[in-house]
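Visitor: Protein chains in written order, with our numbering: chain L, 1 to 355; chain Y, 1001 to 1355.
Keep in mind that the hints were calculated from the coordinates and are not lab data.
Accuracy of the hints is not assured; some may be wrong.
Under the rule of at most 25 angstroms between Cα atoms (straight-line distance), these lysine to any residue pairs were calculated in the SDA-like manner [as the list claims (entries may be wrong)]: (1) K1291(Y) x A1319(Y); (2) K291(L) x M1286(Y); (3) K1291(Y) x F277(L); (4) K291(L) x K1267(Y); (5) K1270(Y) x E71(L); (6) K270(L) x K1291(Y); (7) K1270(Y) x K200(L); (8) K1264(Y) x R230(L); (9) K90(L) x D106(L); (10) K1264(Y) x M286(L); (11) K271(L) x G1285(Y); (12) K1276(Y) x E288(L); (13) K271(L) x S1203(Y); (14) K1267(Y) x L1280(Y); (15) K1290(Y) x E1339(Y); (16) K1271(Y) x E297(L); (17) K1266(Y) x F277(L); (18) K1270(Y) x D294(L); (19) K267(L) x G1148(Y); (20) K200(L) x S1203(Y); (21) K1266(Y) x D106(L); (22) K291(L) x G336(L); (23) K1264(Y) x D106(L); (24) K1264(Y) x E287(L).
Protein chains: 2
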Amino acid sequence: MCRSGGGLEKPIHMKIIVDAMGGDNAPGEIVKGALQAAEEFKVDILLVGCGELILKTMEENGIKSLPKRVEIAHASEVIDMEDNPATAFKDKKDSSMTVGLTLLRDKKGDAFVSAGSTGALLSAATLITKRIRGIRRAAMAPLVPTGGGGTILIDCGANVECTPEYLLQFAFMGSYYASHILGRPEPRVGLLNIGAEESKGGSLQKETYELLEKAGREQRINFLGNVESRDVMMGAVDVAVTDGFTGNVMLKTVEGTGLFFAGKLKKIFKKNALSKFAALLVMGGMEELKKMMDYREIGGTALLGISRPVIKAHGSSDAYAIRNAIRQAQQFASSGLIEDIQDNIGYMKLSGAGE
Amino acid sequence: MCRSGGGLEKPIHMKIIVDAMGGDNAPGEIVKGALQAAEEFKVDILLVGCGELILKTMEENGIKSLPKRVEIAHASEVIDMEDNPATAFKDKKDSSMTVGLTLLRDKKGDAFVSAGSTGALLSAATLITKRIRGIRRAAMAPLVPTGGGGTILIDCGANVECTPEYLLQFAFMGSYYASHILGRPEPRVGLLNIGAEESKGGSLQKETYELLEKAGREQRINFLGNVESRDVMMGAVDVAVTDGFTGNVMLKTVEGTGLFFAGKLKKIFKKNALSKFAALLVMGGMEELKKMMDYREIGGTALLGISRPVIKAHGSSDAYAIRNAIRQAQQFASSGLIEDIQDNIGYMKLSGAGE
Chain L
1 MCRSGGGLEK
11 PIHMKIIVDA
21 MGGDNAPGEI
31 VKGALQAAEE
41 FKVDILLVGC
51 GELILKTMEE
61 NGIKSLPKRV
71 EIAHASEVID
81 MEDNPATAFK
91 DKKDSSMTVG
101 LTLLRDKKGD
111 AFVSAGSTGA
121 LLSAATLITK
131 RIRGIRRAAM
141 APLVPTGGGG
151 TILIDCGANV
161 ECTPEYLLQF
171 AFMGSYYASH
181 ILGRPEPRVG
191 LLNIGAEESK
201 GGSLQKETYE
211 LLEKAGREQR
221 INFLGNVESR
231 DVMMGAVDVA
241 VTDGFTGNVM
251 LKTVEGTGLF
261 FAGKLKKIFK
271 KNALSKFAAL
281 LVMGGMEELK
291 KMMDYREIGG
301 TALLGISRPV
311 IKAHGSSDAY
321 AIRNAIRQAQ
331 QFASSGLIED
341 IQDNIGYMKL
351 SGAGE
Chain Y
1001 MCRSGGGLEK
1011 PIHMKIIVDA
1021 MGGDNAPGEI
1031 VKGALQAAEE
1041 FKVDILLVGC
1051 GELILKTMEE
1061 NGIKSLPKRV
1071 EIAHASEVID
1081 MEDNPATAFK
1091 DKKDSSMTVG
1101 LTLLRDKKGD
1111 AFVSAGSTGA
1121 LLSAATLITK
1131 RIRGIRRAAM
1141 APLVPTGGGG
1151 TILIDCGANV
1161 ECTPEYLLQF
1171 AFMGSYYASH
1181 ILGRPEPRVG
1191 LLNIGAEESK
1201 GGSLQKETYE
1211 LLEKAGREQR
1221 INFLGNVESR
1231 DVMMGAVDVA
1241 VTDGFTGNVM
1251 LKTVEGTGLF
1261 FAGKLKKIFK
1271 KNALSKFAAL
1281 LVMGGMEELK
1291 KMMDYREIGG
1301 TALLGISRPV
1311 IKAHGSSDAY
1321 AIRNAIRQAQ
1331 QFASSGLIED
1341 IQDNIGYMKL
1351 SGAGE
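Given the sequences, and given the hints that come with them, work out the whole structure.
Guide: So, in structure tokens, the structure goes:
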């Protein structure tokens, strides 16, 4: 079906380009997280952003000179939330995002990590680094915490309106990601729908079902059929395929329901002396659960379909989240995932559809 | 904005028609729940279904003759999951659902409760009992457990593909439901979207936004703007408006995430002797949380837009859920909600659109 997960092997001489200026906590937390990753994962880091600010941040953390494995590429501008996502990368040609993605395109590094604007990153990655030849749209593929140890939800917001062919490509890309990066040998792929029967959903789901069913029959993906969001949460599939609107609503519902529960649990445990004592007795388990729901543990969301590895870190990432996003970028870059998509692109196109 | 919530006053001489044969636990649990409701809420019950089976169920529960306030209307057939939802009601003219909805149409009762097939109930209610004049589509409007004490999510599965006009009507109907049945004076209405900005979403969201914004400006509804699912879960709105596909995915994600959490918590508390002791200390709070997530507490989902009150109870309803669904039907029937929709239908139509 695809090359088996090389992502778990140790990469050699890998360099991750990091947008030092993107996100709510830039550059402080970004720089800190990048330095941690350089140290821990023995990975080279190319920090892109205002050199002066980056060095100042290091100084504030007691670091006088550039550590081993860390370089800086100066970029004088920063893309922020006020910028038009579609054009920000060319309106601000010397922004950390534009410079970083250009370095990625020019192979000055093996992957790019940014906690900046999702919309701007998507546009910039698509137009600077370009999509894999034959891929119609790049997609966001986060790992959602589910009963099965996590499920790849693709797409999650990059493409509000989709065609069946986009979803076919998302299914392949999600499946390769699950096998390469998560180490699941024959990832179970489901089409997110409002019922398990083949006839469920709108025209997008019905037409996509046929394409995925065919790909499953030809053993190119392990397609289980339609899957309801309830069953996705119970771990029924490794990859749930959907349009970016529905995926985004689902992702943020999981997040919101998690926060809702966490709030209720906090209240229950803080009620009185006995409940506070109870909290101590189950602290270990609760910490594990909290960790499971914490986006920072994963680090970021892969942008699949771009010709080189790009990881979108959460906008509110702290140093720990950035450290983990860099680890994820390292796995992505060494996994052979993009090559696998390239090798199999012929099966991801509708027959007769133009390039 | 609309008549204030009469739904909380005690109704007089109300009769609820109950589909005794619908759902996984029919007729046993349905009959039991209906008898409980008759007793507790002093409401008349008209049980529709196989008379022999209903009487046998009563006998098994030690009831020798029909209790006060309870009648039976015989129907020889049952619509089941194998029937085509769109045509089941006419293929099986003597089914409990068809007979029940015909009785409702003919004003032999004030509301109808069924735990049978959602699709069949929707088709049958639309074609037998009919929609309110001017309403384009009926919608499912469940109360989702959220940080704000619950949010009406409309639509949740009745209409996979929607127009902006449908969503405008859902917004009005959801708002009236929240004020009449939940007693929220000026319900906060949000359009479910993948960002708060006006420009977010696809063409459905953008066009609907304009309609809702206008209705808000004219003070017909209290429109807050776009709302993300994460914020819906935190209680940001009383009513979240969406198409039936997205709503269904969101609803089942909440359910699935709840089950995921419940499973994890169970494991944490069952780990060892100390954790089991901790469970005892917070049992009260945990029971409350469980209750909050339990669909049985609410009873069912209102079908809004039908000319008479219809409540869809969960397919796996037990007696307690049915009892609560009957209470909900009673509130719905005495609330003036349908009259309010009728009085304001002129504001829910696109100018120039035909009847």
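Visitor: Compare the structure with each hint and give your call.
Guide: To see whether the hints hold, each was checked on the structure:
1. K1291(Y) x A1319(Y): With a Cα-Cα distance of about 16 angstroms, the restraint between K1291(Y) and A1319(Y) holds, given a limit of 25 angstroms.
2. K291(L) x M1286(Y): Since the Cα atoms of K291(L) and M1286(Y) sit roughly 21 angstroms apart, the hinted pair holds (cutoff 25 angstroms).
3. K1291(Y) x F277(L): Within the cut-off at roughly 24 angstroms; holds.
4. K291(L) x K1267(Y): holds (16 angstroms)
5. K1270(Y) x E71(L): violated (50 angstroms)
6. K270(L) x K1291(Y): Holds, at about 19 angstroms.
7. K1270(Y) x K200(L): At roughly 39 angstroms apart (the allowed maximum being 25 angstroms), K200(L) and K1270(Y) break the hint.
8. K1264(Y) x R230(L): Holds, at roughly 16 angstroms.
9. K90(L) x D106(L): Distance ~17 angstroms between K90(L) and D106(L) Cα, so the pair holds.
10. K1264(Y) x M286(L): holds (9 angstroms)
11. K271(L) x G1285(Y): holds (9 angstroms)
12. K1276(Y) x E288(L): Measuring from Cα to Cα gives roughly 17 angstroms; hence the hint holds.
13. K271(L) x S1203(Y): Since the Cα atoms of K271(L) and S1203(Y) sit roughly 47 angstroms apart, the hinted pair is violated (cutoff 25 angstroms).
14. K1267(Y) x L1280(Y): Status holds; Cα separation ~14 angstroms.
15. K1290(Y) x E1339(Y): violated (35 angstroms)
16. K1271(Y) x E297(L): Given pair K1271(Y), E297(L) holds - Cα atoms ~24 angstroms apart, limit 25 angstroms.
17. K1266(Y) x F277(L): Given pair K1266(Y), F277(L) holds - Cα atoms ~18 angstroms apart, limit 25 angstroms.
18. K1270(Y) x D294(L): Distance ~23 angstroms between K1270(Y) and D294(L) Cα, so the pair holds.
19. K267(L) x G1148(Y): Roughly 15 angstroms between the alpha carbons, so the hint for K267(L) and G1148(Y) holds.
20. K200(L) x S1203(Y): holds (23 angstroms)
21. K1266(Y) x D106(L): violated (52 angstroms)
22. K291(L) x G336(L): violated (29 angstroms)
23. K1264(Y) x D106(L): Roughly 46 angstroms separates the two Cα atoms, so the pair is violated.
24. K1264(Y) x E287(L): Holds: K1264(Y) and E287(L) sit about 12 angstroms apart, inside 25 angstroms.
Hint violations for this structure: numbers 5, 7, 13, 15, 21, 22 and 23, all remaining hints satisfied.
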